[in-house]
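Now for the letters of each chain:
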Amino acid sequence: MRIPCPFCGDRDVSEFAYLGDAGVVRPFPDAADAGERVFESVYLRDNPRGRHAELWYHASGCRGWLRVDRDTATHEVASAVLTRAPSL
Amino acid sequence: MGWRPRILAKISEGRQPIFNGMRYSAFSLAREALRGHRGWTPAWRDAQPKARYDVVVIGGGGHGLATAYYLAKTYGLTDVAVLEKDWIGSGNAGRNTTIIRSNYLLPGNLPFYELSMKLWEGLERDLNYNAMISQRGVLNLYHSDAQRDAFARRGNAMRMHGVDAELLDAAAVRRMLPFLDFDAARFPIQGGLLQPRGGTARHDAVVWGYARAASALGVDIVQNCEVVGMIRVGGRIVGVETTRGPIRASKVAISVAGNSSRVGGMAGLRLPIESHVLQAFVTEAVKPVIPGVVTFGAGHFYISQSDKGGLVFGGDLDGYNSYAQRGNLPTVEDVCEGAMALMPRIGRVRILRSWGGVVDMSMDGSPIIDRTPLDGLYLNAGWCYGGFKATPAAGACLAHLVACDEPHPLARAYRLDRFATGHTIDEKGMGPQPNLH
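In order, the protein sequence lines correspond to chains D and S.
Take the working numbering: the final residue in the first sequence is number 88, and no numbers are missing along the way.
Take the working numbering: the final residue in the second sequence is number 437, and no numbers are missing along the way.
The hints are simulated quantities; they were obtained by calculation from the structure and are not laboratory data.
Hints may contain errors.
[Said to hold, decoys possible] Chain D is faced by these chain S residues, among others (derived, beta-carbon under 8 Å): (1) Gly76; (2) Thr78; (3) Ile273; (4) Glu274; (5) Ser275; (6) Phe419; (7) His423.
No residue lacks a Cβ here, since even glycine has one placed at the ideal position from N, Cα and C.
Let the sequences and hints guide you as you build the complete structure.
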């Protein structure tokens, strides 16, 4: 599996570290339902078979965060774009 | 310690399968040998699906078939169908590395896995099937003082629960496994934690043994029957849509590790699970070299030798969401580097095959056996890469849950809502990041 880093070019997956689903949003801590939203963002996942938007960190390259659109059934990568570091 | 004999007795009693004159024994083998093996009949019935059942179990792997067997045997529920989308045992039941053990630490896990070990020990007699259960020992190596202390703690927890455990020093390990690289500069082997009753079982035989015994008790095993939807009335699941038509059921149990999110999603559930690929490997057959199961404590690598002679080994997950049932080369390299670091002589044999299985990585590394928010729907999921050893106990506990509508006493910790309530079971202390478990 190779990931086309927009900065470094096409690179082997071993250069990257995986974080997971890019759709996870950390909730605003003052929200009335923050407890429920934290549970959902920490633990629940759609886990689709097929197209999946996910976060990868180019640890052994440009050290940029990428949002990668990848097929979990075939490992085919449709796109990879630079994104902001996720707020953890 | 009163619970163990009582619970075992409960699971062990019940109906006995009737094998229509084909009870396997040394006598039946000799008789068939003398008449050219023409008298063997199919081990189990390849059933056509009926329009309704009392219980439908989704997934014809080891767990699903074991569930059906214990439903029929222990709880007298024989109007049961096991629905399998391919052929039985074609998923993770046929892709694991066949290790059985109960060397856990946490109170939610240890008694459950020891129940499984006890059931393994009586399985062949119970099923009248040779599952090639071989208690040749499981040894976890340690490479530092801190790791020795952690293993001593785990071994003490095991012994306090009546599970066998021995802490070995380097000299004792050297007597068992003289070919390991003891004096490696970076990770010298200081000793190991041994569970002598651990070992291996033949995975395909486990699947077929449960299938044969369940079928003999009246369970329908339906292959090439993929569940594509749930039939729901209000807050209740009353059946499933399949590629072979709708099937109604009073109760539906999901046992489809790897695809739990997809099948759960058909009922509107969003689960604390990611699907990941785990690779395994086998070498060409060699003469006996490894007496038991050995795990490397300084990297993720473990190895045993099959009865056929192949060295069976594995390591870490690839580490990203996948349903592909195949992995990538960096993980192959990583596992082989672990192999070379632990036992350099493995470099002389060639790898025969490698393969991948899709595992349910739960967010705390522990499984789920519980009711769901929907009436009539039960879930057995999140086995991470440890589902095979749990096969008998997972079947027994899921059967108990479905039959009695309450959790089995030894599976009470495996709740679906534990992530919301903070009662996670983080055996490895890794936190909610599936690719780190």
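Here's how the hints hold up against the structure:
1. Gly76: violated, 36 Å
2. Thr78: Since the shortest Cβ distance to chain D is 34 Å, the answer is violated.
3. Ile273: holds, 6 Å
4. Glu274: holds, 5 Å
5. Ser275: Result: holds, 6 Å to nearest chain D Cβ.
6. Phe419: At about 4 Å, which falls below the 8 Å cut-off, the nearest Cβ of chain D leaves the hint on phenylalanine 419 of chain S intact, so it holds.
7. His423: Status violated, d = 12 Å.
The structure shown violates the earlier hints numbered 1, 2 and 7.
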